[in-house]
Amino acid sequence: MARAEPAVVVEDLHKRFGATDALRGVSFTIDRAELVGFIGPDGAGKTTLFRILVTLMLPDRGRARVLGRDVVADLWALRPKIGYMPGRFSLYPDLTVAENLRFFASVFGTTVERERTQIAPIYDQLAPFADRRAAALSGGMKQKLALCCALVHRPDILFLDEPTTGVDAVSRREFWDLLGRFKAAGMTIAVSTPYMDEANRCDRVALVQRGTLLAVDQPDAVARSFDRPLFSVGVGRVPAPGAYRYRALVALRSYEHTHSVYPFGETLHFADRRVDVPPEQVMRELRAFLGSRGFGEARVEQTSPSVEDSFMARMSGEEGMPAA
Amino acid sequence: MSAAQTAAPAIEAHELTRRFAGFTAVDRVSFEIRSGEVFGFLGANGAGKTTAIRMLTGLLAPTGGRATVAGHDVLREAERVKRDIGYMSQRFSLYEDLTVRENIRLYGGIYDLSDREIADRTTRMLARLGLEQAADQFVRAIPLGWRQKLAFSVALLHEPRVVFLDEPTSGVDPITRRQFWELIYDAAARGTTILVTTHYMDEAEYCDRVSIMVAGRIAAIGTPAELKAQFHAASIDDVFVRLARPSA
Numbered sequence: 001m002a003r004a005e006p007a008v009v010v011e012d013l014h015k016r017f018g019a020t021d022a023l024r025g026v027s028f029t030i031d032r033a034e035l036v037g038f039i040g041p042d043g044a045g046k047t048t049l050f051r052i053l054v055t056l057m058l059p060d061r062g063r064a065r066v067l068g069r070d071v072v073a074d075l076w077a078l079r080p081k082i083g084y085m086p087g088r089f090s091l092y093p094d095l096t097v098a099e100n101l102r103f104f105a106s107v108f109g110t111t112v113e114r115e116r117t118q119i120a121p122i123y124d125q126l127a128p129f130a131d132r133r134a135a136a137l138s139g140g141m142k143q144k145l146a147l148c149c150a151l152v153h154r155p156d157i158l159f160l161d162e163p164t165t166g167v168d169a170v171s172r173r174e175f176w177d178l179l180g181r182f183k184a185a186g187m188t189i190a191v192s193t194p195y196m197d198e199a200n201r202c203d204r205v206a207l208v209q210r211g212t213l214l215a216v217d218q219p220d221a222v223a224r225s226f227d228r229p230l231f232s233v234g235v236g237r238v239p240a241p242g243a244y245r246y247r248a249l250v251a252l253r254s255y256e257h258t259h260s261v262y263p264f265g266e267t268l269h270f271a272d273r274r275v276d277v278p279p280e281q282v283m284r285e286l287r288a289f290l291g292s293r294g295f296g297e298a299r300v301e302q303t304s305p306s307v308e309d310s311f312m313a314r315m316s317g318e319e320g321m322p323a324a
Numbered sequence: 001m002s003a004a005q006t007a008a009p010a011i012e013a014h015e016l017t018r019r020f021a022g023f024t025a026v027d028r029v030s031f032e033i034r035s036g037e038v039f040g041f042l043g044a045n046g047a048g049k050t051t052a053i054r055m056l057t058g059l060l061a062p063t064g065g066r067a068t069v070a071g072h073d074v075l076r077e078a079e080r081v082k083r084d085i086g087y088m089s090q091r092f093s094l095y096e097d098l099t100v101r102e103n104i105r106l107y108g109g110i111y112d113l114s115d116r117e118i119a120d121r122t123t124r125m126l127a128r129l130g131l132e133q134a135a136d137q138f139v140r141a142i143p144l145g146w147r148q149k150l151a152f153s154v155a156l157l158h159e160p161r162v163v164f165l166d167e168p169t170s171g172v173d174p175i176t177r178r179q180f181w182e183l184i185y186d187a188a189a190r191g192t193t194i195l196v197t198t199h200y201m202d203e204a205e206y207c208d209r210v211s212i213m214v215a216g217r218i219a220a221i222g223t224p225a226e227l228k229a230q231f232h233a234a235s236i237d238d239v240f241v242r243l244a245r246p247s248a
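Chains as they are written, first to last, in this note's numbering: chain G, 1 to 324; chain W, 1 to 248.
Since the hints were made in silico from the structure, they are not lab data.
Cβ coordinates follow ideal geometry from the N, Cα and C atoms, glycine included.
A hint or two may mislead.
For the chain G half of the interface with chain W, some residues (derived, Cβ under 10 Å), not all of them [to be verified]:
hint, residue
1, 89
2, 135
3, 138
4, 169
5, 195
Rough simulated footprint, nothing fancy, chain G against chain W, three-plus residues with beta-carbon under 8 Å [unchecked claim]:
hint, segment
6, 96-110
7, 183-197
8, 235-243
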């Protein structure tokens, strides 16, 4: 392929299933050796997009090129170059770790031994469980085995569909560490996830919502695009800090200057309706309001928006139904 | 509910244990959850959470120790426990080929509510969720976020004292996730006790208290602020990573 062409070029992809528009005009590129995260809820269109890019599904409209090849016209030339890890665990539960690996290697006409160097970072973690049946692995180890099987034919690009969903926080970190190592070795990686906190592990993130991309940019840039000052409000009192914080949230909903307020980790995030008022004044008035409602001890400070704040600000409406 | 009932813990586990051939999934676990508390039940995959929840919901007999849920012993009064609790999981909760209204009616019937109670509670539930328009749609046709909120409300239909939520917000967008938590707080404020599991560590911060299970034991328990202070960590995520050794 021409060196100048990015690893993935997608132009105006559309896909419809019955009455559902799964993709509504999606365009983006992924550079070589870039790690791009597609972040969005279930049903946003992430899986449909990945299936089209790995040549398993035809788009209704638009086109996509992967590694310089058209995903529809050149699918047979493209398939051996692609590693794909579907969202559902797709290995043979009754085969052992070693048997699954050997099977996937043989499907692509190679052997585990020949590819040993390529898969070493992950194979070494799996080796102690080589004789265990895949069904008996923990969630995190299952995902590592699936990644290893997707890598065993030495693809040039990896598509990982929600590899960390339902996986605990520790295993998720380890999985992302592995992706970082493969990326450093020159692999192009597209990965989808519903976890906003994984955005910062990506070179760029694409925010996916209802079949469209709300943004495609570096995580910092997406976060900074939040359009107004943001404040964190710390309230919490034993014995029920969660319930107490919720009461503060409800109180803030009735504050005349509230643009948005929602729980964010151990704090509430608050944005003021007025964009032309200095932050010091916003905080002073906010503290006064909270004090008048019995939350005098609340800690108010300006904070940096995250990718998640930005995502919520960009989400339009509530999935076509009135809000609860 | 009498004052005495309110004061008694909603869930009480004492040395609760479950052994399977060759290993101990839950190993002498003791804790109390008070009425109206939102309790985050955390742990790595394979740490024993699911086994513990199956015992607390009367589905699996303990091999040691004891537990009471809503005042009933989980071993001797398992059927009473099942009546007095609600349960919702991300994987299964509603029948997709039934309408919203039919699902509510089915669950009402299972819990022996009268036709009158079912009709009244259906009306109230649909109004509270803003789902009146969708009442006669198939569940599979409504968006996931709404399904999750509906599933939670259905789990509360028979007004259980304790509700178990197993990864209720998995895969849901960040706004709907927060709306879901408002339903949780709302139920807790009305006295319902909530035990919730999640892999979203920011949600752990929403809980009144959390426990973190590691290899069948409760390795830490307390308010999010207490745990962060105890482990000198900036977030529950950090506490979790420090405690939960990578499991195979």
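Handout entry: Satisfaction of the residue 169 of chain G interface hint, Cβ to chain W closer than 10 Å
Key = This interface hint holds because 5 Å falls under the 10 Å limit.
Problem - Residues of the segment 235-243 of chain W with Cβ under 8 Å from chain G, three needed, outcome - result: holds (count 4)
Practice task
May I ask you to test the interface hint for residue 195 of chain G with respect to chain W, counting a Cβ-Cβ separation under 10 Å as satisfied?
Solution key: It holds, given that the least Cβ distance between residue 195 of chain G and chain W is near 7 Å, below 10 Å.
Practice task
Examine the segment 96-110 of chain W: at least three residues should have C-beta closer than 8 Å to a C-beta of chain G.
Solution key: n = 0 at 8 Å, threshold three: violated.
Exercise for the section: Answer holds if the nearest beta-carbon of chain W is closer than 10 Å to that of residue 135 of chain G; otherwise answer violated. Expected result: At 13 Å from the nearest chain W Cβ, residue 135 of chain G fails the 10 Å test, so the hint is violated.
Handout entry: residue 89 of chain G as an interface hint toward chain W, with CB separation required under 10 Å
Key = With a minimum Cβ separation of about 13 Å from chain W (threshold 10 Å), the hint on residue 89 of chain G is violated.
Exercise for the section: Tell me if chain G covers the segment 183-197 of chain W under the three-residue, 8 Å CB rule, please? Expected result: Coverage by chain G holds for the segment 183-197 of chain W (4 residues, Cβ < 8 Å).
Exercise for the section: Closer than 10 Å between Cβ atoms is the bar; does residue 138 of chain G clear it against chain W? Give me holds or violated. Expected result: 4 Å, holds
The structure shown violates the earlier hints numbered 1, 2 and 6.
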